[in-house]
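Asker: Protein sequence lines correspond, in order, to chains H and U.
Going by the numbering used here, the first residue of the first sequence is number 8, and it counts up by one from there.
Going by the numbering used here, the first residue of the second sequence is number 141, and it counts up by one from there.
Any given hint could be a false lead.
Within a straight-line C-alpha distance of at most 25 angstroms, the following computed SDA-like cross-link-like pairs (lysine to any residue) qualify [stated by the list, open to error]:
hint, chain 1, residue 1, chain 2, residue 2
1, H, K156, H, G128
2, U, K273, H, K156
3, U, K240, H, L255
4, H, K318, U, R159
5, U, K354, H, A43
6, U, K240, U, D228
7, U, K273, H, K74
8, H, K318, U, R339
9, U, K234, H, L255
10, U, K273, H, L143
11, U, K273, H, K142
12, H, K29, U, R159
13, H, K390, H, A174
14, H, K390, U, R402
15, H, K142, H, P197
16, H, K156, H, V204
17, H, K29, U, R339
18, U, K273, H, I356
19, H, K318, U, D228
20, H, K74, H, L143
21, H, K84, H, S171
22, U, K273, H, S77
23, H, K139, H, A43
24, U, K273, U, V229
From the derived model, a few chain U residues whose C-beta atoms are all more than 10 angstroms from chain H [unchecked claim]:
hint, residue
25, Y158
26, S202
27, L210
28, P217
29, L220
30, L264
31, N343
32, T351
Over the 10 angstroms line for every Cβ pair with chain H, so calculated as not near, a few chain U residues [to be verified]:
hint, residue
33, R159
34, D207
35, T290
Calculated from the structure, these hints are not laboratory results.
Since the structure is predicted, the reported quantities are computational estimates derived from the model, not experimental observations.
The C-beta atom is built at its ideal place from N, Cα and C for all residues, glycine as well.
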Amino acid sequence: MASPDMTTDTDVLRTVDGTPLKTALAIASRRARIRAFMLVLPLLIFILLTFAVPIGQMLSRSFTDDKFSSNMVELGKWFDDNANAAPDEAAYTALAADLVTASNERTAGSVGTRINYELPGTRSLFTSAARKADKLEAPFKEAIIALDKDWARADLWAAMRSASAAATTNFYQAALDRQIGADGNFEAAPENTQIYVKLFVRTFVISIVITLLCLMLGFPIAHLLAVLPMRYASLLMILVLLPFWTSLLVRTTSWMVILQSQGVINDVLVALRIVGEDGRLAMMYNQTGTIIAMTHILLPFMILPLYSVMKTIPPSYARAARSLGATSWTTFRRIYLPQTVSGIGAGGILCFILAVGYYITPALVGGADGTLISNQIAFHMQKSLNWSLAAALAAMLLAAVLILYWAYDRIIGIDNMKLG
Amino acid sequence: MALPIYADTAERIWYYSYRVICALIFVFLIAPILIIMPLSFNAEAYFTFSREMLTFDPAGYSMRWYDNLLTFGMQAPDALRDGGWWADVWANSKWLQAAKNSIIVGFFATIVATVLGTIAAMGLSRPEMPYRKLIMAILISPMIVPIIITATGLFFFYSDIGLSGTYFGLVMAHATLGIPFVIITVTATMMGFDRSLIRAAQNMGAGPVTTFFKVQLPLITPGVVSGALFAFVTSFDEVVVVLFIGSHEQQTIPRQMWNGIREQISPSILAVATILVIFSICLLTVVELLRRRSERLRGVTPS
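The shape of chain H in the complex, shown without the other chains:
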C-alpha cells in the first residue's frame, strides 16, 4: 500500500503520464460530471427561457405599475419634494399641468384606472377633469375643487402619492383585502368588499375536501389492485388509467351532462319519484359540482402513488399479525396502515397541489361559489385588466404551491414520482 503522505514523491501512485492517481481520478470524475450536466443543459436552458423567465417577469409586474407615475410627472416631483405634506396650491398647480398633458396625450383614462384600483369609483374624476383641464385658471386649488369636491379627499391624495412611484406593494395589500383609508394609511377593506382572503380560504378548504374524498375513494381501490392477482389487477387498472388518459374537457363535459338540472341523475331521481319535477337538485354551477367533478379528475393521481406503495407491502406481515392474535381491524390499523403512509403522503400532496391551482373545471362547472383563486386571476387578466393585481394573486398562489412542492420533495422525493 502506498502511503497517503503526499510529501514523499516516490510513494504516490501515478498514471502512465506521471500525474498522481488521485489528481487523475478527480479530473476524470469532474469530466464525467460535466458530461452529464451537458446532456441536461439544453433542456435546462429551454425551461428557463420558456417557463422560468416568463413567470419571473410576470411576478415582477406585481410590484410595479407605471400608468400613473409615467404620465403624471409634475405631481410626482411635488410628492418627492413634499413628503407627508398636505396638498397646497403648488400641488394643485402640478396636478393641473399634468391633467393638461394627460388630456393632450389621451392618457387620463389609464391614469384614472390606476387610481381606480386603489379607490373604486375615482376613474371618472380624472377623465372628466382632463376634459376641462384647458380652461382651468389660477388659483388652481379652488378651480379644481370647484370641478368636483372629491379632489380635496385625503384618501385620494394618499392614493395618488402611493401611485406616484412605479414600484409598489399596493397590489399585495389589495390581494390581502386592504385598501387606502381616509387617513391615507392601509386598513382592512369593508366587510362586503373583502373577497381575496375568503377566496384563498375557500380554495384551500375545497382542495382539502377534494383530497380527502380522493383518499377515501382511492384507498380501497389501490388496496384491491395491490392484493388481486396480477391478471385481474391489470384489467381493473385499465378502469383507473382510462379516465387518466381521457381529455379533461371530455370528463368535465360528461359531469355537466350528468349533474345538470335536466341531466341524467335528476331525470333518474324524478323518474323514481324520489324528488318532484320542481325539486330537481342543483348539483352544478355551485361548489357541489366543482367538488364532484374535480374528485373524479384527480382520483387517478391518488390511486397510482398509493398503488405503487401498496404493491411493495408483503402480505405475510398481516398474516403474522393475525396469527399472533390481532383482530382484522387491529391488523389493518397497526400493521397495514402505517406501511402505506408514504403513499398517502405522495397521493395527498399531489392531489392537493393540483387542486389548489385548478382552473378549467371550476370555470366550467363552478358557478358563483364554486370558483377558485385561479378563476379570479383569469378574471383580472381577461376582464378587469388589472394585471398587476392578477400577478400579485398569482405570486401568492405560486408561493403556496412551491411550499407544498418542497414538502413533497422532502417527504417523498421528486425522483419517485410515477405515472401509470
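Given the coordinates of chain H, assemble chain U onto it according to the supplied hints.
Answerer: Below, chain U without anything else, positioned relative to chain H:
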C-alpha cells in the same frame, strides 16, 4: 386475496361489502366516460336519455351530431355530397380545422419535448450528475405550477417578444408543459437500465454515439414512446395557454370545445367527446403494450 378459512361472519360480510364498495368506485370512475357515448347519438338536442333511446327505438338515435361536426362552418353544407362538398369540409369545417391545428401543434411540441427530455433524462440518470435533485425539481415544475400562472407569464412574455399568436410560440409552450411527463417516464425506464451494458459496449470499442443508438436506445424505447405519447396528450388536451397566447385563427380542439361548452352547449360536443374517448382508449392500449414490452425487456415477468 381469497377469503381465509378462519374468517368469521363479520369478516365474511366485510369481504363482500368491500368488493361492492370497490365496484361502486369503479363505476364512479368509468361511468361518466361511458355515459356520453350513447348520448352523442341522441336524435334530439337534449343531454339526457329520451324515451325512444331507453326503449331502443331506432328513431331515438341518429348520427346528426357527427354530421354536424363536418358541416359546422361550411359554406354550403346542404349541397350534394360529392367531391366538392368534401373539399368544402376539408377547407372550412371548423372542427376539422381545429383538429388540424391540434395535430400540427401537438406533433411538433412532442418532438421538441421528447428529444430534449430524453437527452436530459440520460444525463439525470447518471450517478455522477451534479445538483440532480434541484435540476429535476426545476424540470418537473411545469407540471406542478398552476396552469393559469404559466399562461399568464407566457401571455406577457410572448407579447413583449412578439411571439403571441404564432405557431412557434404555441409549440414551445406546449413542449414545456409536456417535458415533465417525458422526464418522469424516461428516467423511470432508465432506473431499470443495467449500466454495465454501456461499459461492455465501450469495452468492445463502440463510441458513445454507437453505444446510445445500438445499446441504450433500443432498451429505453418503450419509455421514450410512452413519454412522447404523454407529451402529445398534454398538448392535445391543453386549453388555457391557447386561450391566453393563441390568435383567433389558432383554434384547437380543446379551445373549440371550451367555446362550445361556455357559449352554446350542443350535443356536437358529445360527439367530439366520444371520438376523443375512443382516441384515448387507443392511446392507453399502446401505452399498456409498451409497458409490458419494457417489462419483458428488463426481464420482469408478470406473476
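Asker: Against this structure, judge whether each hint is valid.
Answerer: Hint check results:
1. K156/H to G128/H: 14 angstroms, holds
2. K273/U to K156/H: 61 angstroms, violated
3. K240/U to L255/H: 20 angstroms, holds
4. K318/H to R159/U: Between K318/H and R159/U the Cα gap is close to 18 angstroms, so the pair holds against 25 angstroms.
5. K354/U to A43/H: Distance ~20 angstroms between K354/U and A43/H Cα, so the pair holds.
6. K240/U to D228/U: 15 angstroms, holds
7. K273/U to K74/H: 42 angstroms, violated
8. K318/H to R339/U: Violated. K318/H to R339/U sits at ~33 angstroms, over the 25 angstroms cutoff.
9. K234/U to L255/H: Given that 25 angstroms is the threshold and the Cα spacing comes to 21 angstroms, the pair holds.
10. K273/U to L143/H: 65 angstroms, violated
11. K273/U to K142/H: 66 angstroms, violated
12. K29/H to R159/U: Violated: K29/H and R159/U sit about 63 angstroms apart, past 25 angstroms.
13. K390/H to A174/H: With Cα atoms ~24 angstroms apart, K390/H and A174/H stay inside 25 angstroms; holds.
14. K390/H to R402/U: 16 angstroms, holds
15. K142/H to P197/H: Distance ~38 angstroms between K142/H and P197/H Cα, so the pair is violated.
16. K156/H to V204/H: 33 angstroms, violated
17. K29/H to R339/U: 22 angstroms, holds
18. K273/U to I356/H: 18 angstroms, holds
19. K318/H to D228/U: 54 angstroms, violated
20. K74/H to L143/H: 24 angstroms, holds
21. K84/H to S171/H: With a Cα-Cα distance of about 9 angstroms, the restraint between K84/H and S171/H holds, given a limit of 25 angstroms.
22. K273/U to S77/H: 44 angstroms, violated
23. K139/H to A43/H: Violated, because 68 angstroms separates the two Cα atoms, which is more than 25 angstroms.
24. K273/U to V229/U: 51 angstroms, violated
25. Y158: 7 angstroms, violated
26. S202: 18 angstroms, holds
27. L210: Given a closest Cβ separation of 20 angstroms, the condition holds.
28. P217: 24 angstroms, holds
29. L220: 33 angstroms, holds
30. L264: Violated, since 6 angstroms does not exceed 10 angstroms.
31. N343: Answer for N343/U: holds, closest chain H Cβ roughly 17 angstroms.
32. T351: 13 angstroms, holds
33. R159: Non-interface label fails for R159/U: nearest chain H Cβ at 8 angstroms, not farther than 10 angstroms.
34. D207: Label holds. Min Cβ-Cβ 19 angstroms, cutoff 10 angstroms.
35. T290: Answer for T290/U: violated, closest chain H Cβ roughly 7 angstroms.
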